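Participant: Chain by chain, the residues run as shown.
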Amino acid sequence: MEGLAFYALYYLAAAVLAVIVSQRIGLGSVVGYIAAGVLIGPVFQISVAGSGYLEQFSEFGIVMMLFLIGLEIDPDMVWRLRDKLIGLGGLQVVATIAAVAAAGVGLGLSWQQSLLFGFVAALSSTAIVLQTLEEKGLLRSDGGQASFAVLLFQDLAVIPMLACIPLIAGSGHASSSGHGGAALLADLPGWASAILTLAAVGVVVAAAHFLSRPVFRTIALLGLREVFTAAALLVVVGITVLMSAVGLSPALGAFLGGVVLANSEFKHELQNDIEPFKGLLLGLFFMTIGAKIDPETLLANWITVVAATLGLIAVKALVLFPLAWFFRVRGPAGWLFAFGLAQAGEFGFVLLTIAGDRGLLSPSIVSVSVLVITFSMVLTPLLFALSNRIVVMLERRGRHHRDADQPEKGTIILAGVGRFGQIVNRMLLANGHKPVVLDYRADVVDNVRKFGVKSFFGDAGRPDLLESAGLAHAALLIVAIDDKDRATEIVAYARRSNPGIQIIVRAYDRLHHYKLVDAGADHIIREVFDGSVQAAGIALESLGMHPYEVEKRKTVFIDQDTAGLARMATLVDGDVPAANNPEFIAGFNDIGKVIENAMMGYRSGYDEMVARGWNAPDAASIHVPRSAGPDRPS
Amino acid sequence: MRILVLFAHPAQRKSSINVAMAANAKSLEGVTFVDLYSEYPRFSIDVDREQRRLMEHDLIVFQFPVFWYSTPALLKQWQDLVLEYGFAYGPNGKMLAGKHALACVTTGGSRSDYAEDGGNRRVVEQFLYPLEQTATLCGMEYLPPFVLFSANHLDDDSAQQHIHSYPRLLTALRDDRFDLTGVRLLPSFGSSDLIELMRD
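Protein sequence lines correspond, in order, to chains A and B. In terms of my numbering, the first sequence has 210 at position 210, counting the first letter as 1, and numbering is strictly consecutive. In terms of my numbering, the second sequence has 30 at position 30, counting the first letter as 1, and numbering is strictly consecutive.
Hints may be right or wrong, so weigh each one.
[Said to hold, decoys possible] Calculated pairs, DSS-like style, for lysine-lysine (alpha carbon to alpha carbon, straight line, at most 25 Å):
1) A:552 <-> B:94
2) A:554 <-> B:14
3) B:76 <-> A:554
4) A:552 <-> B:14
[Said to hold, decoys possible] Over 10 Å on every C-beta distance to chain A, these chain B residues come out as not near it, computed from the model:
5) 27
6) 37
7) 67
8) 76
9) 99
10) 134
11) 191
Think of the hints as simulated: they come from the structure by calculation, not from any bench. In this text, all values refer to a predicted model and were calculated from it rather than measured experimentally. Note that CB positions come from ideal geometry on N, CA and C, so glycine has one too.
Please work from the sequences and hints to get the whole structure.
Facilitator: In C-alpha cells, the structure reads:
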C-alpha cells in the first residue's frame, strides 16, 4: 500500500506540475507528461519491477484511446474519407517503408531490419497528433481530417505489420526470453501464428458484435452505475488479455472492438466511463516514455540519436508533403498535415519490443530506436508550431502579390460558415452584401468563393487572420463558430482591436451569453433559442391554439426571456463563477418571473401580457355625454 | 354566386359573436372561408394566392369586428398588398370588376352611438366608407353592410339570432335567393331585416 501511494504521489504531482508548466509555455500536455517522466525517471528505476508494472499499466492508456477512437468511427465519415484513408494513407505507409528500408539497406543493415525500421517509421503517433489537433480545434479542418484518415490507416496497417514480424524474423530466431503472453506463439511457425493472429481478431469482432449487447443491456437494467463502468473496463482489459495472448497489439484489438460497438446504443455510456481512465493512463504512458530516456544510452549515442531523429522527420515530411499535394490537401492544410505526422508513433515501441524479443534487433539498437521515437514525439509540438509559422509567413508574402485580396474598409467579417454561419452568409449574399468569410475547412471556403466572396482559410481565432481579413476597418463582425471559448476570445480580441465595430455573435447557452456580454459583444444570438421557440409554437398550434395567438405568445415569451437575460447579464461577474455570486442567484430567481410562474401554473401574468389590446369595454356605452370623443375602440 | 369570406379577428379567444358566426360560415358548402389571422399570423400575405382566390369568386365578404372605426390591422394589410395596381385598379386592372363586396361587421357601440347625435357622431356606414370606396374603385358593387351593434352587451337571444342569421344570409346569396334590389335601398341591414330580403 505504501509503495502504491508512493508511486501515485510522484506520478500525480509530477504530472500536475509538468503539464501545467508545459501548457503555459504552449507545448501541450503530451510534452508535459514526457517531461514529467524524465523528472521521475530515477524514481521508476528504484524498483525495476515497479517500472515494468507501471509500463504495462500505462499501455492501457493507448488501448483505451484506440477503443475510444474506434467508438468514434462514424461509417459515414470513413466513407467520406475513403480516398484519403486508402489512397493517401496507403501510399504514405508504402512510400515511407520503401524510403526508410532503402536507406537502411544503404546503411548496411539487413533487409529484415531495414523493413522493420520502415514499419516503425511509417507509423505516426495517433495519441499525440489527435490530442494536439483536438486541443488546437483543428481536428475538423482539412488538414486535421486528412491526418485523421492517415492515422486511421496506419493503425489498421499495424495488423499486417505485426503479423509480418514473425515471418521476416523467422521462427528459428525466436528469443527464448519471450514477451509475456506472446510466448504462446513463439514456438509456432510463422504462417501458423499469422493465422492464429487473424483468428483472434475475428474473436474480438464477433464477441463485441454478438455478446456485448445482451451483457450491457442486462447491466443497464440493474441500474448500477459502477458495475457498468467495471464492465466497460472489462471489455478493454479482456481484449488486451486476448490480444496479448496471441502476441497482437491490444490497442488494435481495442480499436476493432470500439468500431464494432460504435453503433451500439451504449456508445455514449462507454465513452463517458472510459474517458477519464484513458486521460490518466495515457498521461502515464507518456511518462513512462519519458522515464525510458536513459541518460547513459543517450550520451553514448547522441549523434546517432539526433541524426536519426532529424532524418526520420525529414523523410516522413518529404513523403507526406508531395502526397498531400497530390491528394489536394494544399496550402495551410498541407503544411499542418506534413509536419503534424512527421513523428514516429507509440506503435513503434510495440514493434521494436516484439522485434527485440524475436531477436531481430539487438537490445542496444532497440533502446537507441526508442530514444529516436521519443524525441520525434517530443518534437511534435515544435513541428506543429513550425507549420503554423510557415503558413503565416506564406500568407504574409502572398498578400503582397495579391492586392485584389486586400480587404476594403467597411467590410463585414463572418467567422465560421458552418451550419449557422452558412445561413447568415446566404442571407447577406441574397441582400447584396459580400462578407469576408473565415473558416478552417477548405472545401467550405472554396464553395463560398464561387459566389465571389472573399474567403480566408484558417482558424478564425487567430488574431493575425482576423487582422488580415480587415478587422481594423470592418464595420461588422459576425462570429458564427461553434467553439464557445474561441468565440468569446474572438469577441474580446475584436473589441480591443477595433472599439467601434459592431459584433454579432452566436451564443451556446445562457452562461456563454453572459461571457459574451463581458467580452464586448453587441448582439448575442442564442443558437438554438429561436428554433426551439418555433417548435414550441408549432406544438401549440398542433394542440389547437389559433396561429395568431401562438404568434403573440411566442413574442411575449421571447421578450420576457430576453429581457430577463439582459438584466442578468449586468449581474454576472466574469471572475466569480455564477454559482458563487449571490447577486446572480438572487437575480436568477427574479428573471423571467412571468414565464416561470406561468410554467408553475400561475398563468395570469403571462396571459395578461399576451392578451393586451382588443379588450371589450365593461360599460355598454363608452361615451361620456358631451365629451369630445371616444377613448376606447368603437 | 361563389362566395369568399375573408374573416379578420386578432383576438378570437375573446370573441363572443364573430367566432360563432365564422364557425357557421365555415361549414357551408360552396362558401370559401378564410381566417386571415390564422393563415398569416406574421402578416406576410401571399399576394398571388389571395388574388387567385378573389378571381375564383363573385362575392367577397369581409367579416370583422370594427376596431377604432376601421378594419383590424391585418385586413388593412390585406387591402394594401392584394389590391395591386394593374390587378384591382388602374387602366388594366379590371380583374375584380363586376364582383360584389359585402361587409359583415360587429360594433361595440350601440345603434344610438352610431348616429348624427350619438357619441360617435356618424352612422356606421360612414366609418366603413374607405372600404366602400375601395370596392368601388375596383369596379365592384359595394352592398350595404350587414351590421350587429352592441356586440359585447347582447342578451343571449339577440346574439343567437344574429349568429344563426349569418349562414342563412350567406346561403341565400349563394343560391341567388337574396333580394339585392331590396337591400340596395337600405343604408345597412341586420338580422331582423333578413326575413324581408330573402326570397324562396
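Participant: Of all the hints given earlier, name the ones this structure violates by number, lowest first.
Facilitator: Hints 1, 6, 7 contradicted; others consistent.
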